[in-house]
Amino acid sequence: MNIVNKLTVKHLKKNKRRTLITMIGVIISVAMTTATITLAISMVEMFQKNTRNYTGDWQVAYQQVPVKNIPIIEQDHNTAHLIIENELGFAKLVNQKEQVRPYLYLTAVNQESFNDLPFTLTSGELPQTPQEMVVSDQLKGVAIGDQLTLAMGKRVSIADENNGEELANDLYEPYQEKEETFIQDEVKTYTITGFINTERISQSSAADMAYSVIGPLTENKQVNVKVELKKINRSLYQDSRLLSEAIDSSEVTYNQELLRFYGVTDNKEVQVTLLTLMVIVGLIILIGSVVLIYNAFMISLGERSRHLGMLASIGATKRQKRNSVFFEGLIVGSIAIPIGLMMGIVGIALSLQVVSPLIKNIFDSTEDIHVVLSPLALIGVVIFSSLIILLSTWMPALKASRISPIDGIRQTKYLPVKNKSVRTSKWVRKVFGFEAELGLKNIKRNRQRYLATLFSMILSIVLFLSTVTFTHVLSSSFDMSYENTKADIAVMFFNDQTTTDTIEPDIKSYEQIDRIDKVTQVDSYVVTTKLTKEALNPKISTHYSDGNGSYQVGVNLMSVDDQTMEEIYQAAHIDQAAFESQEMGGILFNRVSYHHEASYEVLNISNLKAEDEVLLYSYDQGAEQEKVSDSITLSQVSDYQLPFMSYIQEFPELTIVVSKPTMEKIRKKQEAEGMYAGFSNIYIQTEDASFVEEKINDIMLDYPDANGHVYNIKASKQKEEAIHFLIAFFIYSFIGLMTLIGLVSVFNTLTTNIQLRKQEFAMLKSVGLTPQGFNKMIRFESLFYGLKALLYGLPISFLIMYLLYQVMMPQFNGGFYIPWGSIAGVILTVFVLTSGLMYYSTKKMKMASIVEAMKNEML
Amino acid sequence: MKILEVKNLTKIYGKGDTQVCALDNVSFSVDKGEFVAIVGPSGSGKSTLLHLLGGVDQPSSGKVWIDNTDIYDLNESQLAIFRRRQIGLIYQFYNLIPILNVEENMTLPLLLDGKKIHQKHVTDMLHALGLETKPTSLPNQLSGGQQQRVSIGRALMSQPAIVLADEPTGNLDRQNSEEILTLLKMFNENHNQTLLMITHDEHLALQADRVITIEDGRIMKDERIR
Ligand SMILES: Nc1ncnc2c1ncn2[C@@H]1O[C@H](COP(=O)(O)OP(=O)(O)O)[C@@H](O)[C@H]1O
Ligand SMILES: [Mg+2]
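In order, the protein sequence lines correspond to chains A and B. Read in the UniProt record's numbering, the first sequence has 278 at position 278, and its numbers run on one by one without any break. Read in the UniProt record's numbering, the second sequence has 1 at position 1, and its numbers run on one by one without any break.
Fair warning: there could be bad hints in the mix.
Claimed, not checked - BS3-like, lysine-lysine: derived pairs with alpha carbons at most 27 angstroms apart:
no.	chain 1	residue 1	chain 2	residue 2
1	A	Lys518	A	Lys486
2	B	Lys115	A	Lys426
3	A	Lys430	B	Lys115
4	B	Lys115	A	Lys444
5	A	Lys844	B	Lys15
6	B	Lys120	A	Lys430
The set of hints was computed from the structure by calculation and includes no laboratory data. In this text, all values refer to a predicted model and were calculated from it rather than measured experimentally.
All chains, please: the whole structure from these sequences, using the hints.
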């Protein structure tokens, strides 16, 4: 090590505290970068695994490839594995109990590929021969070892039976009992070796899945070949198209869902969004870190300039002086970067441990999220961090190279002060006193350090307030997007006659399930009405315009069970007598939750009043036009939001509650015309939503004809909460660390500022500065710092907050939200912090006696 | 009239084996208007004495009265206020505040006192010190001699009871030294300013009214030469 570097090391050791602070800054910034990137990679990895579980492990699929051409694919340099699928197609079980789904769908695959398919073996073994198979565990009445006789064949539509017109014999062709039939080609026998769980394969209503092993095939037989690639990059599209021609494949398809998570997607938008986000995060880290580190090196250089000047006087070259600063950066980096890497990894590992269940829930993932370390990314982080340090040392190094022997002799412990920079206006002295003026001059004496401190403070303020706003906007939109409905579970049935017949006993049994607190039953029927423009809220009227001056709006007619009706009378202050005596009367619930772009808003949908008539239209098939089928007279218009009806809608409807007899009348009339299409909805309040959901699903299984669905509203709410928490968790961690960087920077400058002025303080005391005067000076210095930081920080924050609103909530009507609480907190924190820091550093310094300080030269 | 009285002043640094008795039971007094030079070998305790007189250090024992005030009877704030009104200190290193200009540095004790500053007084002082062209210069724009003149101005500005100077010319060349001494003498003679000056320089010491010689923390000689 040469002498210049030796001196550098000595200097770093002597200023342990500041060296440590610089390192802490680097460590935090490296840790943040590491954590951010590792998080992203881990998430992507989880998504990849999870998607594979659903789609199978392949990227490119060649349809209908002649068997003789398979070796060409196998020999392709980028092929890792093949899944060869010979789709044997639909089969009917012979002599078996009736199944939920009428068919079996049989696929023969090459034995090696069972691992790559998206099912799991729940019992038994995988098939070994073409005469064996595994079947879905949904299949009833069969056991391992059973020999099943299968009638293989095709589904054809009845209308075309004689022509033998085939239906698209696709797995997902829905089963239509009355319109299709089955033509048998041959009969085969298979032995069941095991059961598989096929939940992850999207369910077909027509068939259960079964897999067998591929047998010997003629060389022109066409099979589907799915390929797992060795290297996944953009060229796979081009390569596969070429290959597909070479092998006579009819079509190439891609596992887009999976490829998306390899960044090999044609969807530019997603990529741009992700990239922008990464650039923003990267820039924030970069700027924050550079300011901190640059500042630290500048301070260090200031203290070293005397050494360097001395070295210059005995012949150190420009290069040596400059390299001494880079060397300092090298030392700091080589210690801080590895520590930062480690802390980032440990930090994200701990965080993921906490949030893993949430992430699983939010993304419906079957996979846990694990920390995935990518050597390439870590190298990237090291390069990024080194770049930060290099960037931060650039200016100081340049300055160092310019230090002349004269600087060493003249001893510029302080960078030279310029008249201009310490000029203050007269009123400061007049109003606050001389000590205050001294404080203000002190702040301004070193412009570079002053700006760096100010910048760190402003950055922290702006980041903090913007984040508060951002999360507020985010959470407020979440809060509104919860279906405000009080229900935890909703069960919806298509209300045709068969369903209704089976529903009645159902409802009785729902009420018997434990843990149900309240059941609301609502029959609803959606029709349309036509309104004038004036009758609609102008904010939303354009949605409904048919271009001819008439506005077609959906009407959600509903009738509710008696107890619920009573509650509505009470809560909405309904004039019950008026309502019940009104012929074809209805109550309009005028408040709707309106969803537009990214925001939500509660507004009145119409300007309709009591006594207004709402005409209900239906489509007359005979006349091929719409006609008025009924008319409702509004007995009252209410601003009350029905607790079970506060869904958020993009095209809000008129919600009109009618009495049960009225509903029945309308229904009868519509049914007579074959037009009725209503729903029966049951809303359930319960503490234990998943228990109730399961129970109801069980009951529903007994009524396969009932056309209904169970929604677990509580679960979706919880999911939204989880998303909210997750976003807040990561944003606040990020912001916390960024603020910490800012803080460290401010700490560094303020304490150094004070330290360097030790003698000056002593001198001031010797000419008679009292302790009170001293405190006053320090107080004003912190006050001015705080004021300046807020003076810039607050307006910038306001601007960014405003922009955030512009971007995020184009239609937000709640007005421009200003987080006053947080602003007050910020102001308080800024002053407490600056004065706390100043107090801390002066306290440490009080020990130094005047006499000691006087012995040294000062200027 | 006694302006300064020192009684049994002792200063001991350190403890036990490393104990150094920098000042050993020193007593003397100075009358108003006197110009006293203090001489002695390096390490004999001159600076220690001056610091104790200036109220910037604490004695181990003994008392100091300036203008009939027992200065170590005052609390920290009172002493600070007393210093800015009654004591002027001049050091070998000029110890100016780098962010204040010449005029501000000079009037620092008055500024701290919050007193109204008579511009005439300031201008006179600037003239007397030969700094009339530099009132708004910052210290780092001045030569060593000029800086020392500013610090002399600062010490004299509040017309203190006593001015204490510790090798004020130690850092200056012959010609500058002479000029500084001439200045000090002028204030001593024209304004009857009491002055206590430590110096190595025999030639300078001989221009004083009285020379006190210190050795090993004790007064060896105290002779009036004028
Ligand atoms: N802070 C201190 N701690 C210990 N000893 C000191 C301290 N200051 C001065 N001394 C000692 O006191 C003695 C007198 O010092 P000083 O008054 O500075 O001498 P002079 O100014 O005459 O050269 C010397 O021996 C010196 O080493
Ligand atoms: Mg001395």
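Taking the hints in turn, this is what the structure says about them:
1. A:Lys518 - A:Lys486: 10 angstroms, holds
2. B:Lys115 - A:Lys426: 15 angstroms, holds
3. A:Lys430 - B:Lys115: 12 angstroms, holds
4. B:Lys115 - A:Lys444: 25 angstroms, holds
5. A:Lys844 - B:Lys15: Cα-Cα ~24 angstroms, so holds.
6. B:Lys120 - A:Lys430: Holds - the C-alpha atoms of Lys430 (chain A) and Lys120 (chain B) are around 20 angstroms apart, at most 27 angstroms.
Checked against the numbered hints above, the structure breaks none of them.
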